[in-house]
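Residues per chain, in single letters:
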Amino acid sequence: MIHDDSAYESLADEHGGDARWAFGTGFDDPLSGVDTAIPDGVDAADLATYCLMLADDALVMSQRLTQWCTNAPELEEEVALANIALDLLGQSRLLLARAGAADPALPSRVAPDLPHEDALAYFRGPTEFYNVTLVEADNGDFARSVARLLVFSTWRLALLDRLTTSRDAVLAAVAAKGVKEVTYHRDYAARWVIRLGDGTALSHGRMAVGLEDTWPYVGEIFVSSDVEQRLAAANVGVDLAGLRAEFDDAIGQVLSLAKLPFRDVASTVDTLGRSGRHSDALATLLAEMQVLARAHPAATW
Amino acid sequence: MSEFTAEGGHGAVPTEGVPSGVEPKQRSVWPLYEVFVRGKRGLNHVHVGSLHAADDDMALHHARDLYTRRNEGVSIWVVRANDITASSPDEKDPFFAPSGDKVYRHPTFYSIPEGIPHI
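Note that the protein sequences, when read in sequence, are chains A and B. So the first sequence is residues 1 to 301, counted in this note's numbering. So the second sequence is residues 1 to 119, counted in this note's numbering.
Excised from the complex, chain A in its bound form (with noise of 0.2 Å):
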């Protein structure tokens, strides 16, 4: 029946038994149906290893974002930050999961009797996380936030776009579902940097400075593994350097409404994630994330 009072009201009579939701939802599970087989002359390491870097670049920016939980400069952007976040926790999920079916051994060495996904999750040094650079650096202010965010969601948006093609069955599946979320991603991101660098002189100068933080990272995000190139070259993976030129049209249109100028700056970093070389500041990031689950094992609540 239809309630007048509340639209929540109408929604939950839709899951009636299901006490454990206060609002129905009626979730989809990404990967009904999907062939979990790994593809022919594919490695299965090399498959858990590119998972693990699509997945920990999703979950250290997930982390990021939700630094910004009691901090956001409204509480509207809060919600929308963790959104965010969450949707990237997701993909990471997914992703963390893919790598611990394709090589078990991953997760067992560090954690034999937890689920994959917190196994990899909680249980990996920052030697052991395969994420870029960019995702780890600190948030600063939000105008730096917003910046690395419309960066990253660019590039990530390029990279699950070709994604959804994949041979993997799976990887697919989570690109095809990740897309529509970094869609909007970007398109928060960017109405951000347009808001602000098109705003007082004060947010302009603010946006320019976020911006000029995050160009260094950029040159690395371009450039692919070994285990990348090999995962292209058999079309289950995608090619960093060719995402370039969508990624430079994307970001040029941005900019240009921001009334800000797109630089490309040489990369100033000595870090290369992909290798598992990071700077301090994942060190930190995960001992803050993985304190709990490391204290508490396969605790639930």
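Everything labelled a hint here was simulated from the structure, so no lab data went into it. Check the hints yourself; a few may be wrong.
To be verified - In silico negatives: residues of chain B with every beta carbon more than 12 Å from chain A:
#, residue
1, Glu91
2, Pro98
3, Thr108
4, Phe109
5, Pro113
Stated by the list, open to error - Here are the simulated DSS-like pairs of lysine-lysine, each with C-alpha atoms no more than 30 Å apart in a straight line:
#, chain 1, residue 1, chain 2, residue 2
6, A, Lys259, A, Lys180
7, B, Lys102, B, Lys92
8, A, Lys180, B, Lys40
9, B, Lys40, A, Lys177
Claimed, not checked - Examples of chain A residues lying across from chain B (beta carbon under 8 Å, computed):
#, residue
10, Asn71
11, Glu76
12, Val79
13, Ala80
14, Asp87
Ideal Cβ positions, reconstructed from N, Cα and C, are used throughout, including at glycine.
Assemble the complex: chain A is given as a structure, and chain B must be docked to it using the hints.
This is chain B only, laid out in the frame that chain A set:
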């Protein structure tokens, strides 16, 4: 008679002469918007709450982030709270009391066929 405003998200409320105990702190200069969401199976948009935003466009996006996170909606309306003209508590009786005893205005004297849920 005191001034009334729709600001606050719960219909018209007096803006003066109401003891609040604390001096209200001006947290945000962003105006208030009221949010209406149409659920997947809902026939009409329903008021679900309010939010602050700098302009209409931002209000729509905030509404998406705040009020459709749990897969509730398929359509959102936002409107500046200041743009809502609301009835006031003072007019409660002349406005609404006369309908209280007009039972013949309700379609209870007809049999409603099965399969017509919304009437």
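Hints, verified against the model:
Here Glu91/B stays apart from chain A, with its beta-carbon at least about 21 Å from theirs, past the 12 Å limit. For Pro98/B, the shortest C-beta to C-beta distance to chain A comes to about 21 Å, beyond the 12 Å cut-off, and the non-interface label holds. At roughly 17 Å from the closest C-beta of chain A, the C-beta of Thr108/B stays outside 12 Å, upholding its exclusion from the interface. Non-interface call for Phe109/B relative to chain A: holds, since the shortest CB-CB distance, roughly 22 Å, exceeds 12 Å.
The claim that Pro113/B is not at the interface with chain A holds, since no C-beta of that chain comes within 12 Å of its own (minimum 16 Å). Distance restraint check for Lys259/A and Lys180/A: the Cα-Cα separation of roughly 27 Å lies within the 30 Å cut-off, and the hinted pair is therefore satisfied. Proximity of Lys102/B to Lys92/B is assessed by CA-CA distance (about 17 Å); at most 30 Å being required, the pair is judged to hold. Of the supplied pair hints, the one linking Lys180/A and Lys40/B holds, its CA atoms being roughly 19 Å apart against a limit of 30 Å.
Distance hint between Lys40/B and Lys177/A is fulfilled; the C-alpha atoms sit about 20 Å from each other, no more than 30 Å. Proximity of Asn71/A to chain B is violated relative to the hint, the smallest CB-CB distance being about 15 Å (cut-off 8 Å). Interface restraint check: Glu76/A against chain B, minimum CB-CB distance 4 Å, threshold 8 Å, status holds. A least Cβ separation of about 5 Å between Val79/A and chain B falls short of the 8 Å threshold, and the interface hint therefore holds.
With its C-beta approaching chain B no nearer than about 4 Å, Ala80/A sits inside the 8 Å limit, and its interface hint holds. Taking 8 Å as the C-beta contact cut-off toward chain B, the hint placing Asp87/A at the interface is violated, the least distance being around 11 Å.
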